[in-house]
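The primary structure of each chain is shown beneath.
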Amino acid sequence: MERFAALIDALAYQPSRNGKIRLLVDYFAQTPDPDRGYGLAALTGGLSFAAAKPALVRELVASRTDPTLFALSYDFVGDLAETVALIWPPRPGSNQPSPALAEIVAALTAAKRTEVPGLIEGWLDALDATGRWALLKLITGGLRIGVSARLAKTALAEYGAARDVSVDVDAIEEIWHGLSPPYQPLFDWLSGSGSRPDVAGTGGFRPMMLSHPLEEGDLETLLAADFRAEWKWDGIRVQLVARGSADDARLYSRTGDQIAPTFPDVAAHMGFTAVLDGELLVARDGRIAPFNDLQQRLNRKRVTPAMLRDYPAWVRLYDMLFEGEEDLRGLPFDERRTRLEAWFARTCPTGMDLSPLLDFNSWEELATLRLNARDTNVEDGAIEGVMLKRRDSTYVAGRPKGPWFKWKRGPLVADCVLMYAQRGHGKRSSFYSDYTFGAWRGPPGEGGELVPVGKAYFGFTDEELGQIDRWVRNHTTNRFGPVREVSHGLVFEVAFDSVHASSRHKSGIAMRFPRISRIRWDKPAAEADRLETLERMVVS
Amino acid sequence: MPAASPPPPDSWVRPCPPEQGGGLWVEPGGFHVDPIRPVARAVITHGHSDHARPGHAHVLATAPTLDIMRARLGEGAGGNLQTLPYHQSLRINDVTVTLVPAGHVLGSAQVVLEFQGSRVVVSGDYKRRHDPTCAPFEPVACDAFITEATFGLPVFRHPPAAAEIARLLHAGQVFPERSLVVGCYALGKCQRLIAHLREAGYDRPLYLHGAHLPLCELYQRHGVDLGELRPATATAKEEMRGAIVLAPPSAMMDKWARRLPDPLIAYASGWMRVRARARQHGVELPLVVSDHADWDELCQTLRDVAAPEVWVTHGAEEALVHWANQNGFRARPLHLVGFGDEET
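Chain order of the listed sequences is R and S.
Numbering-wise (the numbering used here), the first sequence opens with residue 1114 and increments by one.
Numbering-wise (the numbering used here), the second sequence opens with residue 24 and increments by one.
Please keep in mind that the hints were generated in silico from the structure rather than gathered at the bench.
Watch out, some of these pointers could steer you wrong.
When the alpha-carbon atoms are kept at most 30 angstroms apart in a straight line, the in silico DSS-like pairs for lysine-lysine are as follows [said to hold, decoys possible]: (1) R:K1568 <-> R:K1521; (2) R:K1568 <-> R:K1636; (3) S:K278 <-> R:K1568; (4) S:K278 <-> R:K1540; (5) S:K260 <-> R:K1166; (6) R:K1636 <-> S:K260; (7) R:K1568 <-> R:K1519.
Sample of chain R residues lacking proximity to chain S, with all beta carbon distances greater than 12 angstroms (derived) [said to hold, decoys possible]: (8) A1168; (9) G1537; (10) V1651.
Every residue, glycine too, gets a C-beta built ideally from N, C-alpha and C.
Let the sequences and hints guide you as you build the complete structure.
Here you go:
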């Protein structure tokens, strides 16, 4: 447990992706089996014991501490798990060895509800402060240390590559659904002492085919007649593995995570036998809702009837990998599409439709469609751009260059005024690199005020960062810890994908993927955009 | 004739308003302890700038503390500087003064005050942990004990310093191409970290920000072995990969750190125990190393000293007063102005 605690402690303070990977690789290298496997499971959401309630933790600490001292401490620290971890007074003379992570997981999985408090109390006595903190995070079900399952798998691939095992993250995702904690065969393979785990027949996930972004000049080398085009829907890419019974239906995310339990409304209609590729969306009366609505359904452990009613899931189908037991992946796209359309017409599955092919004869026509999508399409908020797929492309795993392209539509832009700057992390810790910017509510100079509309920390070069940093230092009007408030004199052209209404922000709006697209050294702050301009862009 | 009973402590040692000098006023001795404004006669517990302030006409302290004051304050160290070695007593008017090691930094002392059979001990700042750079704290039985309470909450229980040093060295192994910049205060913490690194077997040169060099040299003159020290900025950037650099916290967050290769920012302070504090400083590696007593040390010290009366000053007075009153002491907060500004 000490190693796992040290790992998540270090991860919680580590701002850089590469830094996190280094810490994870070090953990996999230093930690014996089966502990490292359970650590991996904790990071990838693979542990299945019932989470303990914060109330239980409160009761335990109340039995050990003076209420006044606890209240003063909680007030100072501000976080329950952390306060308990720090204040916990070990029972005098309790010199138990600290428990292994594997031991904790095994005991919690087997424990009856009434046995859980005693177990936790014993472990709290045996661990140090960091260990107690990690334990409480683990059992209350929220590590929240900024590590995605994908990042953990990337670190696994690096761990393997450092041991001369030929592996990349896609190869790990391909078999992931067939593995379970503590992942002994996986670690044997990555350590060079075992072969690649055979997961055939365990779940049926086939690694997805991905596209490359279309780059400047690409279209000049490509023939429009060679390609099909369809909208790039703004949901999450899914693979439906249906094996004849809705109870056995599997719904995989791009990373091979099984998400059917979160989307029972999709699984319920998967009584057929096929493997399909599509986009998971929220739709009401056949109309696709913005990504924000889908977000309400993602990463939920419990699915409530209200969620199913208010955010009904929908799948828009792109492709067919298997029909019955027949593998179609070696067929060209056009043939697979014909098979998909025929199958769909015969089967008429509920809660799904086909992603329509776009009608175009030249790249110019397609460019016009893409450009006007924002204004003309009724489902405007649900479109990210256009997908191009070679008519003769077979379905292959990974991201081959050439057969599929994504052509995202241009971003929205607005001119906003820099209001606050915060120091960055790691390499940027001496630079003011995180910017909060605002738009005008009311006329500038005549009682109008700036309200923050977003925050961005990329989109500029290192040289520009140096210039902005200097500007921030010379125009500071106030300081709050690592944050500086600046005079209203620097305008950023901010690019973003969309704007959503948000009750959590003072401005009433939230930007999706904001980034700095240009620094407008030339532009007076009073000429920056008004909040009304942004409000008109809100998708509903 | 029966002997007169000793005077109550608060009849002759009192907190002093800032406009009359601040700190503690020892009336029958006619001197202040750690005054915050210039006074005629001051007894100084240790060299941190919130305790050792400039401009007193006469200053009494240990030799290292006076040296530190000279190094930091120059002419401002005081008119007449008088050395009092540990454990030697000096009579000032009607009060006998003895300095006893406090274990906080080099030269730090508790001030033992005796007057007509009544004994009051002013702890200054102190800790009970092992520190290779200064003499360990010695409990002195007394009628009233005036304790600091910087970390006077039960959430503050410092881990062993050796474990924190091991975390620093481990980070160096995981990120061998980066420089490790450890933010720490110039007096005490810096030298203690160096000494702990040497104890852990780290014998490579250590690199220092310019502000940290003079006090390290002062420690070395007082016989504290710190190994090879080099100025951080006189070395080529490439050679600083994997090096450990000690710098003031203000510098490590600022432009100064840009001349180091991909700095990994660490910060050694007792406040690093609390995550929100560590995050606020943008720290990648918080090291919980403090020169102040933690909660357990504070409670243990009250038991060791066994003074019936406990006065609690700078820090979280409320929690320690509560604990002390529940554990049989007569405890009260002593609101002194101007402390806790420098060292944490």
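Here's how the hints hold up against the structure:
1. R:K1568 <-> R:K1521: Given pair R:K1568, R:K1521 holds - Cα atoms ~22 angstroms apart, limit 30 angstroms.
2. R:K1568 <-> R:K1636: holds (20 angstroms)
3. S:K278 <-> R:K1568: holds (23 angstroms)
4. S:K278 <-> R:K1540: Holds, at about 11 angstroms.
5. S:K260 <-> R:K1166: Violated, because 51 angstroms separates the two Cα atoms, which is more than 30 angstroms.
6. R:K1636 <-> S:K260: violated (39 angstroms)
7. R:K1568 <-> R:K1519: Satisfied, since the Cα-Cα distance of roughly 27 angstroms is no more than 30 angstroms.
8. A1168: holds (20 angstroms)
9. G1537: The claim is violated: R:G1537 sits with its nearest Cβ about 8 angstroms from chain S, within 12 angstroms.
10. V1651: Given a closest Cβ separation of 33 angstroms, the condition holds.
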